[in-house]
Amino acid sequence: MKIKWIAAMPVLAAGMLMASAAGDAVPLDISACAIVKPSGGKVPKVVEYAVEELRSHLQLIVGMDIPVGTGTAPSGMFPIYVGIRPADDGAVFLPEEARWRIAADGVWLYGEDKDASGATAQEVALNNDSRPGTLFAVYEFLEKQAGVTWIEPGAAGISYASKTALTLEIGNGAWSPKLIQRKIRLAYKSDMRDMARADGNIPDGMQFADEEYAGRQLDEQIWMRRMRMGSSVHLSYGHAFTQWWARYGATHPEYFALNKNGQRRPVSASAADRIKLCVSNPDVARQVAHDHFFRDDGTLKNIKDVGYNVNAIENDSRNYCRCENCQALDVVLPGEENLDIDDRVLSDRYVYFANAVLTEARKIFDEHYAQETGESSGKVRVLFYAYSRYNFPPRREILKDGVFLFLIPNLAVPLAELDQYYLDWKNMGANAAFLRPNDLCQDTGMPVGFESHMFEKYRLGNQHLALLGTDYDTCWGFWPTTGIANYIMARAMYRPDRPMSDWDNEYFATYGAVSGDIRDYYTYWRQIWNDRIMKNVEKIHAMGAPLDLFRQKVTQLTDQLYSENDYDITDAILSRALARPPPDTRQRARIQSLQLANQHNRLSYRAVIANRLASASGVTEQRMAAQNLLDFRVAHRLDLNIHWELLCYLNDTYQDNAGLMRLLGTEAPGQKTERLRLEPLVAASRQVTSLAARPVIASFSPVAVAPGGTVTIEGANFYDMAGVLVGDEPAAWHRESAERLTVTIPANVPETGHVTIITQSGVSVGSSTRFAREAPVSGLRQLSNQIVVNGHDLVLTASAAGVPAAEYAWQVLTTDAGATWQAIGDGGIYNGATTDTLRISGVEAGMSGWRYRFVATNGVGSPVNSNAAVLRVEDDNRYPRPVALAADAAGNLYIADDSLSTVQLLAVSGTLSTFAGLPGATGMVNGTGTAARFDRLAGLAVTPDRRLVVADANAHVIRILSSGAVAATLAGSAYTPGAVDGTGAAARFNGPEAVAADAAGNIYVADTQNNAIRMINASGSVSTIAGAPDGSAGGADGIGIAARFRLPAGIAVAGSGTIYVADTGNHTLRAIAPGTFVVRTLAGMAGGEGFADGNATAQARFRSPRGIEVDGGYLYIADTGNSLVRELNLATGDVLTIAGRPGPGPTHGMQAGAGTDSIFDHPRGLALDMSGNIFVADTGNAVIRRIAPDDSVTTLLPTPFASQSGGGGQGNDGNNNNGGGSGGGATAPWYFAATAALIALRALWFNPKTVKTIRSADYMK
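Residues 1 to 1261 (the UniProt record's numbering) make up the sequence shown, in order.
Treat the hints as calculated values from the structure; they're not laboratory data. Note that the structure is a prediction, hence the values are computed from the model and not measured.
Subject to a maximum C-alpha distance of 25 angstroms in a straight line, what follows is the list of computed PhoX-like cross-link-like pairs (lysine-lysine):
(1) Lys379 x Lys304
(2) Lys301 x Lys363
(3) Lys301 x Lys379
(4) Lys379 x Lys178
(5) Lys379 x Lys363
(6) Lys183 x Lys144
(7) Lys144 x Lys178
(8) Lys363 x Lys304
Work out the full structure, taking the sequences as your base and the hints as a guide.
Following this line, the structure appears as structure tokens:
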């Protein structure tokens, strides 16, 4: 293939690697490399940005441009494939996964790529809703193979060594995040800037120009992405009740906290958005849950719009409720009785509230959504902050499963207390935790050295709680002073399993030969936090007004925490580094930046010493110190990577600690009339008396115990025992040691619950954790009777409850007269005989009547047999190959079968007949009924006047069938493929596979092999409305013929005139606007074959979708390659699987069941009726199936399940082991039979008393 290269260069010496084994290190000449990106279709923007990131970094390293192109690399050049998956890697990606392969013939960098919104490739790649797997793979390559490190934002923060060759390690690799959210909040964002500039206290010369600010903002965003910040999920959370007073204050004052004044109202008008709730009021919990699921007018919201996560995060303020009911929820320990409510531990009332909201939310879900969705209310979760006075672990209340806890522990807490803090939360039910601390906000702009303490705090949380994610507030942007903390915490989120020493070593290594000096520099400053602040932490916390925040207090203690000697020592360390054999230019510049920052910090120290609240300095000294600091900042504003606006703002809000407001005359009148007097800090920790350590449960043995049995509990602090509860029942116990108990499980306890250890250490409930008592298997899955066509596969699935988990063994009873069930073993036609999924390959006709069941056992009680599924095998001479369906307004269903080359008509009366074509006879003959001939029927549509349009693919024509089954050619010339617009026979098509009709009588054609969408108007004139006239394939959106498609094979038209296309070869769904013919991608990603539900473009993936139908606000899709039926909510853009077995890899076969319990085999055609049923041409299984509004799936054709006597009955795949249904009676050819059930179904269409439209068909009626 000839390729076009972005950067031309002469071909150098061959760069191919010598064939090597995995793990071998081999050299590669960078100048002989070429970057190869995907060709054809729509390349994801995240891949485009990944290509640019790789190209620009390699250009830095080698000092010359690296060519970029598509297809193959020029002869003699070594290819680096970006966004291109090796042909033999078909494994499903994990969320955000990056993969790489380094081999003798090339490098492959690729991953899970999903574009979110954004105008440019860079904007898309930096959008946290994107999945930039390939970009992350590029970063892995640059770090591990090219030696690149990003120590801070901006070009100066890129550490690399200039070189002409890389040493590559042969082999494969992958990275995917352990945390589903990795987040450090940005400093350069508009709300922060507005806050910093609001009072006008930022000196002239220190404000950024808008362009400069935007550049710094972009640098910060890019750095975060290079650190692999991102998210595998979308969580919306924050203070939830800021509008509640405006909404409910007048009508429901009882919802709100009873304040100090005895009123349920805000303490001031300006505090209305921060008013606290009366969390003991059950109506508040009900209202929170109600508001999540219901609109203001009382109508129910769509679950796809609101999601399953209920935000119950309280407003950010004090002024907690003082009513008796709320106080009754608090657990007050001895000595706390006289504390004001705002100073008490209020965690129990708030855990009670979160649990109550969860209970109410799940009630609503069970009542209004469970039946519709087929999902358990267990999916509903409540998001809850542990914050302020409810940051502490509760003392009695236990978090329910389903509460997502966002922990906000204080950084200024000794590590031993933090360790116990996490354990206590864990013991009180915290099993789904995020860490959302304000640690980075403790940055004062001075060197504080808090990174090692911060890392240990994070490590302990991860160790005890297996954190789900992080959200750190905020990276202030003082990079040359405290940037190392940002770096270490970002790397800790990237790889939570690694120790801090790894990140220290990585950071310091960027300084080359003087890395030891830089280590000494940062190690020196760590004593500020570890030795000076933490030794006095209680005294600092005790400092009172006007100092509210810990970091404000620290700045007022500058004279006791720092000295001039600190700056002398650290300056000497940096001078020593520069005096050594010179590092490279970039390393030298970074050391000089550290020197400059240290000078700035010394001047800041002097200014704070003179201007802090306790200062005795005179006005002249104060002004001089402030002026020297300001002059330095103005002179070096562009030399240091510091967020100057934010730093000046902090100086001001920390009681003008640097004197800048006083210097500039912007200090508020009377602001410093009272001076603060501080007691000296102590040099060593003072002894602190604390409560005895609470008991901790570490493990159970065994994990499941029957009532009356004993369990051994191991843990710690089993002192002064007062009792043990199992559930709510007291249990007998024996203390073997402080680390070991044996407990007898009492009778009448629930199957799952909690074990609670109670001690007399002043804390009533010491430790609580989950247990499971033994339970025999129960709740076995009910198997459905199965209809399978001879030669096709059958899948049966087992499930059962029980503790321990059940094991399964499948059995077969080969004849109705047989008396013995036989165990099945793997081999021959069976696979999975001792698992929960049995696959029977190539079912044979002689197996009809066989019965299958599974035996479930778990060692508790006796094995339990499931019900029996009776197998009916249709003879292999009787099955068709249905590929397309169409329904008319009268209730008739048309079936196109490309094996029989016929169109079948299932009339509303239940009669099935051949409408057109002769079974087994192919050709292109117009005629009436069976005199007509077709050659690969592919698509059907019904016109407003009840004619049937047929896509005759191999004949390359569009046919029309009148109500009398008279076939005629509407457009195209038989067996003359082409791409020509024109009228009637003058037009040309190439393998058209789908047709649709609108209200005006226009017919739309998916002209598959021409990669185009065509329109036939009422006069028979054919025009190309979208796609290239020359048949060029691609995935680009655009207007009309500027857009590109790849083998479109499905089409539907809405009442609005919008045309929907299944762009099969691109694995996407497209929409064409009426009139303008603007084409846009609705769902999926061009070339992004796979399976995923979720947001249409950011998450959802398809595999060769074909048949589609539109129903008002929903598009239904036969996702053929995934063997699924799915729906796209056109309003929200959410994609959901409604039938078929979803999973990382397609599950093909045949299994009856409801919704996602059913299994299909490459379904191709869909049709809708007015009762909300979806009919599916289950092509690979050679049957027609119906998905009812309740998601039950029924096999309609061939003959449904019937008793031997042919009596009446259900006639579906229900759980009736004796069969049922009609044994025949239809005046139909031998290969189909009508069913009583279907006749009854069709009759419903015309009975207004029984019809309830759930999915109202959006075709012409």
